[in-house]
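Two chains, each in its own frame: build the complex with the hints.
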Amino acid sequence: MSSPAPTNYDKTEVPRSGPKRTGEWPLFEVFIRGQHGLSHRHVGSLHAPDAEMAIKNARDVYTRRNEGVSIWVVEAEAIHASAPGDREALYDPSNDKVYRHPTFFDVPDEVGHM
Amino acid sequence: MSEALVQTLLRLGDNTLVLGHRVSEWCGKAPVLEEDIALANTALDLIGQTQMWLGYAAEVEGAGRSADDLAMLRDVWDFRNILMVERPNLDFGHTIMRQFLFDAWHRDLLGALTLSSDPRVAEIAAKAVKEATYHLDRSAETVIALGDGTEESHTRMQTALDLLWPYTGEMFHADATDAQMVAEGIAPDPAGLRAAWLARVTATMAEATLALPQDDFAHKGGRTGKQHTEHLGHLLTQMQWLQRAYPGAQW
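Note that the protein sequences, when read in sequence, are chains F and D.
Counting in this note's numbering, the first sequence runs from 1 upward without gaps.
Counting in this note's numbering, the second sequence runs from 1001 upward without gaps.
Hints may contain errors.
The calculated lysine to any residue pairs, modelled on SDA-like cross-linking and capped at a C-alpha distance of 25 Å, are [to be verified]:
1. F/Lys56 with D/Lys1130
2. F/Lys56 with F/Glu67
3. D/Lys1029 with F/His47
4. D/Lys1127 with F/Arg64
Bear in mind the hints are in silico, worked out from the structure with no lab data behind them.
Chain D with its partners taken away, still in its complex shape (with noise of 0.2 Å):
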């Protein structure tokens, strides 16, 4: 077993969990039936991809656990996800900008991981790039339709891009766990992701007329488990109750 492996499997993995379920909050209650839908869709298509990241966490790992068990049974400070796809979805505009953020990346990042050196890697990465193709496209258009729109979504755009933006750091910060796996050819380097993703948020928030803030300031703590914030711990009583209250329930 490979606990480098196992690490970026739950980084991966964990990702796509916890937006998964932030995005999953929307259902029943956006904005439009359209939006709702389509949210709907994003979070099932990120919840699929967590099936397979952990999946194969759990075999790697070889502890008899499950993908289930890695969801619904680990706590907070087991957790690998980036701080920014924990926080709460606030508004609307909050969430798609923190979605477009996070596709940008996230296409790049399954782009690069579609030529990993582990053949299981590559075939997951190479399913889940043709969704984050499209979660891009449309979280994209609808950052430049409503930055560039009213008065009102304009100032909740901003909003959105100075609250998340010292987020967004910490998709590029890379430890010895980043350094073994890009030696074995694994894993693309994180920090090697940010040039071409600032070239892409910096033209999309060009066409939303929004102000790319110039603060570098990055928190930290999530993806390597340190310190998640404290939405998470909530996040995660509603995502795991029910495998709490009645352990090992099945449906």
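Chain F extracted, bound-state conformation (with noise of 0.2 Å):
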């Protein structure tokens, strides 16, 4: 019966510690202009090597469907997200001040992309 109690092996080698292979290149973020005028839009992720190879790769996994006219790439480890927990005090103040929502305007349509 195997002891209840974690004991250590003293016959197994302990794995030598080093810098963290992870054998993944970085992940990279990835954002298309679809045309002019039009801001960039996250679209998904991809993993590269470096910036350049993200750009290519980019080119090759989101444009083949002729999407863009412009990529960036940002390492996602470079991208600071607010918490989730904090949700209520960030968002929910904003709810009942509908007198700062746009929803007494009518757009015509003539300005297109706002």
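What follows is the structure, given as structure tokens:
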């Protein structure tokens, strides 16, 4: 019967500690501008060894069907995000201030993207 | 009908057809997802160029054959691709090295063909050269990354370069067909493309820390159709089996 308490195996070699090898390229987030005048939109992510290759990979993965005229890639690590737990404090206060919501104007169709 | 022009168009179209098929063999099993998609894109570009070259070859030939007939119903001895593109993929490094050695030549060849006296050839080349420029960008960068990478990747890239080097000479070998194309202003002299190609390859290999083989021996016989390697027949049995098994099948 095995011991209920964890013990160290004295006959097992301890793995040498070294730099962690993930075997993975860093993750990049990809943003593509669909056409001139529009802003870049997040379309997805991919792995690449560096930024230059990330742009090439983004070209191959995300613009095969003529989706874009410009590509941004950002290392996912470099993105700072708001914490989901702060949602109420950050966003709820604006809910009851309808006078801030731009819903009282009729936007003419000719304006296009705003 | 100009026999020399048909031969030249077959050489262009068979190169892209056979290499396109080889590259497509990676579809679904490349080392990483991003490379898988990129290689499939490259393969599709090459097959697209094949449609244009063989389509025009069939027109000039005027024997009632289509680009599909030329691709799917000819046998080994009728193919006019260089031997390098029919070589099996072996590992990923060999595939990328072959792609780079091909792209560096193909881009310049297409660039020269945009000035062709034959307007159809010039138009096809103008469309294809944009794709080839991107292919070259990508394959060169990957050759450098793998050559100047780990000990394992460096060794594999050096092995690939040594294996492929004897197959590069055929790209610059000129014959009577080429002489006629040069005289008519349709295509450039293959030998004239060598200096720029060698300069590009030398620079890239230096960056990739790979040693350029010093042997000038060149395997020949692909673009003349005289003697293909045994690999082309195996490739064709895969590529053509459907038309062979179900003649005239369409979908």
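Going through the hints against the structure:
A C-alpha spacing of about 15 Å is found between F/Lys56 and D/Lys1130, which places the hinted pair at or below 25 Å, so the restraint holds. A hinted pair counts as satisfied when its Cα atoms are at most 25 Å apart, and F/Lys56 with F/Glu67 qualifies at roughly 14 Å. Taking the CA atoms of D/Lys1029 and F/His47, the gap is near 16 Å; set against the 25 Å cutoff, the hint holds. Taken as a hint, the D/Lys1127 and F/Arg64 pair is honoured in the structure, with Cα atoms around 16 Å apart against an allowance of 25 Å.
Violated hints: none; the structure is consistent with every hint.
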